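S.K.: Chain A is already provided as a structure; the job is to place chain B on it using the hints.
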Amino acid sequence: MFRRKLRTLLTIVGISIGILAMVVMGGIAEKLNLLVDGGTKYYKDKVTVSGEGLGFIGSPMTLSKKSELENIEGVAAVFGETYSTLEKDLSTVNFGPPASITSTQDGSEPYESFVLTLSKGRKLNPDDTKKAVIGSDLVQKLNAKVGSIIKVRDEDFEVVGIYEKTFSTPDTTVSVPFKDGQNIMIEDQPEIIKQSVKSSEIVYDFVVYPKPGVDPNQLADKIKAEVDGVSTIGPKSFQDQVTSSVKIFSSIIYGIGAISLLVGSLSIINTMTMSISERTKEIGVKKAVGAKSSSIMTEYLTEAGIIGLVGGLIGVSLGVLIANSINSILEKTGDRIFLMSPRLLIGSLIFSIILGIVAGIYPAFHATRINIVKALREE
Amino acid sequence: METILKLEKITKTYIMGENKAAKKALTEIKKLHRIYENACQKKDAEKVKNIGLKLEKAQSLFAQEKYLESYKISSGKDFITKKAPKGVVVHALNGIDLEIKKGELVAIMGPSGSGKSTLLNMLGILDEPTSGHVYIKGENITDIKLRKLPEVRANELGFVFQSFNLIPTLTALENVILPLKYSKVSKSKRKKMAENALKTVGLSDRMNHTPNELSGGQRQRVAIARSLVNNPAIIFGDELTGELDTKMTKEIMELIVKLNNKGQTFIIVTHNPEVAKLCKRTIIMRDGKIVKK
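Chains as they are written, first to last, in the numbering used here: chain A, 5 to 383; chain B, 12 to 304.
Warning: the hint list may mix true and false statements.
[To be verified] Partner residues aside, some chain B positions facing chain A, computed with beta carbon under 10 Å:
| # | residue |
| --- | --- |
| 1 | Asp138 |
| 2 | Val163 |
| 3 | Thr180 |
It is worth saying that the hints were derived from the structure and are not from the lab. Small disclaimer: the values here were computed from a predicted structure and weren't measured. By construction, the Cβ of each residue, glycine as well, lies at the ideal position given by its N, Cα and C atoms.
Looking at chain A on its own, in the form it has when it is part of the complex:
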């Protein structure tokens, strides 16, 4: 293996690139999975009601719908929410949901099972104004700490708390008091809405908590049927919408994995076959002095496994390096694309070793079949 340095090196480079692609793409998939997991957890016991629109982008509603929703059978409580993007103009391309400003009507806490813990500071109180609790990824972007004043849409807000890192949507969220949220949200609306809706009335959507024992999916359907002009997202519809898009992405990842597997294994098979045909005589000598087929097989499989291991280590290291560099650049804008989870890194490494060994099987088996007398005659 070490004699044909250049060829072995090129094979290792080939595998490294394949594994690098896998790690980087896998890092994105892992991040997406985490976002989806977070969403699944968030949506699991509630129904989100928004104005009819496409997908998650609903048109704003007013608090007048609240009582209508509260009267539906099976509804325990309803709370309005606001949502605005942190940047007024979304000129930059974001991966995943953009950084956002959210607020919820007071009193939802007893119903909410998706509780975010704070790493520093305190939660928002009902009588707070111009206070904010920010996600961990925004700390660097906004250059903020507890007690500092940050600009939220040109308004001064005092940071009172920082959320614990979740690797999910809350990391890029600014939570503000409901009234402040409404004031920010109304600013984003077209003139026609600004004129017809008061800022104290506007909501982005409603969170509807079902009564104990009521299936949120059924409740979502019921609300959609009974209330005009709304669309609902229950746990199932979230899953359906998100999982299908994630599945497409995952298929691309697996596709890249399959291509790297093919290219990597062909390259190992090629290297090993060449190496064995060059070493026919050596194998003949080893067999003549007593090497068993199993020893020859082990020798070559180990060699192929080492190529896989080295390629894998380089690929994984480069992948981590690239992903972390991109993450640290993007951290300034509060967006992280890659999640280098241990299972991804260890999985890629093991995959690479197995790839090496599997690709080595044919050439190694071929080596064990070499006829000693013919091999010794080779020049």
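M.R.: Frame of chain A; chain B shown alone:
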């Protein structure tokens, strides 16, 4: 103790052909070995002495047993055929019946294509006949299980080839260690044994040189050391002086004769009458037949 181990080694050599008598003998020796060890532990001087005598007797008995001291090959009345490249069937060996005794130094001579190398490859079980049968010590070699062949090669046989066949990336010492790697010799003993073998061929000072750094004669000495290292029953040499000049040929043959005088059996295929002259016995082959034993 040394006597017992030596006996075990001799007997094992002859088990390669699944020889029942040899197997039985080995069981007996092992039994004596156990009794001897027990007696030593209990410091029973009388018993130790008695068993010692018994063992000496056993050793002399083994020496007298002819089948244990020879290596026979026969092809019966069948033709042994080998398929040459392009599918031409060659009657490589024909009616071979040959016995090599322990301690012999045999030269096999004959014109090209007379079957010398085929005979050597069959004797050394490096090759199998395409058709026909080869019997070694009464056992059909095609019946010796494939699994067992490497073990026999690693423990009982040694080979020296015309073009040395050393592995160019390994040092002389590593090349000599190679057969031990595939036999049951423990890791700790391998280096010492290989050093001894290199010392025997006079290359103590060249152990860490790779083949490229050695002369032709030195390379062949390394190859001889490699064939010697597992203390084999027989060493096969295929034109082992073929690539050496007259001076080096003389040196190598002197070494072979010296080793043979110490009891090592050699079978050498050669074209060189000078080499054959130094051997104790010359077999001449023509058209796959032995014309002179």
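S.K.: For the hint on aspartate 138 of chain B, just tell me whether its beta-carbon gets within less than 10 Å of chain A.
M.R.: holds, 5 Å
S.K.: Given valine 163 of chain B as an interface hint, is its Cβ closer than 10 Å to any Cβ of chain A?
M.R.: holds, 8 Å
S.K.: Hey, does the threonine 180 of chain B contact hint survive, CB to chain A under 10 Å?
M.R.: At 6 Å from the nearest chain A Cβ, threonine 180 of chain B passes the 10 Å test, so the hint holds.
Every hint from the earlier list agrees with this structure, and none is contradicted.
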